[in-house]
Amino acid sequence: MRRLLIAFVAGLTWTAIAHAQGPRAEPPPSGLPGPPPSVPTGSATPDLVVDLSRARVSITSAFQGESILMFGMFDPPGEVVVVVVGPEARETVMRKERFLGLWLNTGRQSFDDVPAYYAIAASQPLQRLLARGAGGEILSLEDRMSTVTPVGSRVAAELAKFRAGLVEVKRREGLYPAAIGQVTVQAGRLFRVDLPFPSRLPEGVYEVKAYLLREGKIVAAVSRPLPVGKVGFSAQLAGWASHDGALYGLGAVFMALFAGWLGGAIMRRL
Amino acid sequence: MEIYLPIAEQSMNVFVLLGLGAAAGLLAGMFGVGGGFLATPLLIFVGIPPAVAVASQANQVVANSVSSLQVHWRRGNVDFRMGLVLLLGGMIGSSAGVALFTYLKRIGQIDFVIAVLYVVMLSAIGLLMLAESLSTYVKRRRNPGAPRGKLHTHYLVHRLPLKLRFYKSKLYISALLPVGLGFVIGILSAILGVGGGFVLVPAMIYLLGMPTAVVIGTSNFQILFVAANVTFLQATTNGTVDVVLALLLILGGVVGAPIGSRLAAKLPGVVLRGLMSVLILAVAAELLIELLRTPSSPFSLGPREVNP
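Chains as they are written, first to last, in the numbering used here: chain S, 797 to 1066; chain L, -10 to 297.
Hints may contain errors.
Each computed SDA-like pair below joins lysine to any residue, with the alpha-carbon atoms no more than 25 Å apart [as the list claims (entries may be wrong)]:
1) S:K957 to L:T283
2) L:K94 to S:A1042
3) S:K892 to L:E121
4) L:K255 to L:L89
5) S:K892 to L:R282
6) S:K957 to L:G291
7) L:K94 to S:W1036
8) S:K957 to L:E121
9) L:K94 to S:L896
10) S:K1013 to S:P872
11) S:K892 to L:W62
12) L:K94 to S:L900
13) S:K892 to L:L281
14) S:K892 to L:I114
15) S:K892 to S:T902
16) S:K957 to L:L290
17) S:K957 to L:F101
18) S:K957 to L:K94
19) S:K957 to L:E275
20) L:K255 to S:I1062
21) S:K957 to L:G97
22) S:K892 to L:E275
23) L:K94 to S:G1035
24) L:K255 to L:I114
25) S:K892 to L:K255
26) L:K94 to S:H1039
By construction, these hints were calculated from the structure, which means they are not laboratory data.
Being a predicted model, the structure only gives us computed values, none of them experimental.
Input sequences plus hints: build the corresponding full structure.
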């Protein structure tokens, strides 16, 4: 009897540890589409060919953030710009103020169409490239954030503060990486860039876009979807918790009842 | 070794969480109260969002109270009648507490309220314990053989209506009192993720006048069902119960609890309570400093709404 109980606890521990170790080869969740082959949009002969080192960002039990490599080839001359945009949603920024000596949230402002993630990199200083005319389609973070629409009305100066606050928090969480490093070019036609993703990463289908610019004009653009999602054990639990909270709650209670009973039973016998 | 917590949506070191569970279990073993009131602030310190810390801690309390209830049940130290009356208040209180929690979360004040309530509660308990252990220590040194005084009076309890007989506790008191007590503990349990034993146990002894032998078992009976109710309601309304986090805390607690009870047998109670009160006050001070200090940034993000 005692052996049986000990084996049981060992099993529980093993399950927890096994899930913490390394990403397992799980099939992708059916909701997320796989990436299609990279077909350049715009020209018949591919001036720009790209690929990603991974087809998706899988949030497993061992996920600690991930860096994905985008690499490709272009027809020189030209410059490469890479933009990564996360899914858009409504975000609420809260502002703390001192009240009776204590800091608490006193103001809040929501914005619509805020990208969960935004990063931009180029093979030349970005301002110089964008100043030459591509700015209409390729937006720097500042330009992109000026397009998010505030919910409700507020004085413009206050709105600007909340907007800046939103960028600041996103930066801090690594979701708007300030500089993801330059796109490095080798042999005049091969390029690569690392895309960093933090551990607290919102789920959804991200878009990775590469542009080829010549004299300030976009001559080729390639877009690749990058699905970001929980996979395996994490996905099952999170899905369960959000779709059927009652069943998940019952499961949590019974897990604790069983674990507590078992723990108590073992400790009395030791 | 890092593990990704699916509901907290962040990765965290497994051993930090196991260690926290063990520390809570140690306290539970030493003092016979759940360690939730220290584990939740510590979870917040290591970076778990307060709403997730509270809800997952309530899940851990279920496991904790089951294992101690087993012992007291077997020894016949549970006053079921009193337990059920307490539970009546506890269920109403915890349901109201989760509704209040949900409201505070929606208006963006839940983190602040959790921190303030913890500061108030931990300072009060810490100071009371410190004063009690210091005075006991001084008294014992002066006259070691002194008998203990009478611990309670029954005036208030005897005047209220709806009197009930509690045979096991040898009491004939108004049911309103335990219902009210259960209600308050239920609210605390929902908002702070604690079982509430550290408030419930002294209240049962001093306020209700219950015999000490049945207090722990009966309080565990009430805490078990209230914590289960909180876990269930938090999961359905707020989706903040992280079972991976809870399981790690429980596993740590299973290891910590027997070490705690062995330590308690070796060290004198006065010294234990003194150490404990210093620990509680340190946590309260840290939480207070966080509230008073100018934050590095006044901005934070509320929940993302994918389909507004």
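Looking back at the hints listed earlier, which ones does the structure fail to meet? 3, 4, 8, 11, 14, 19 and 25
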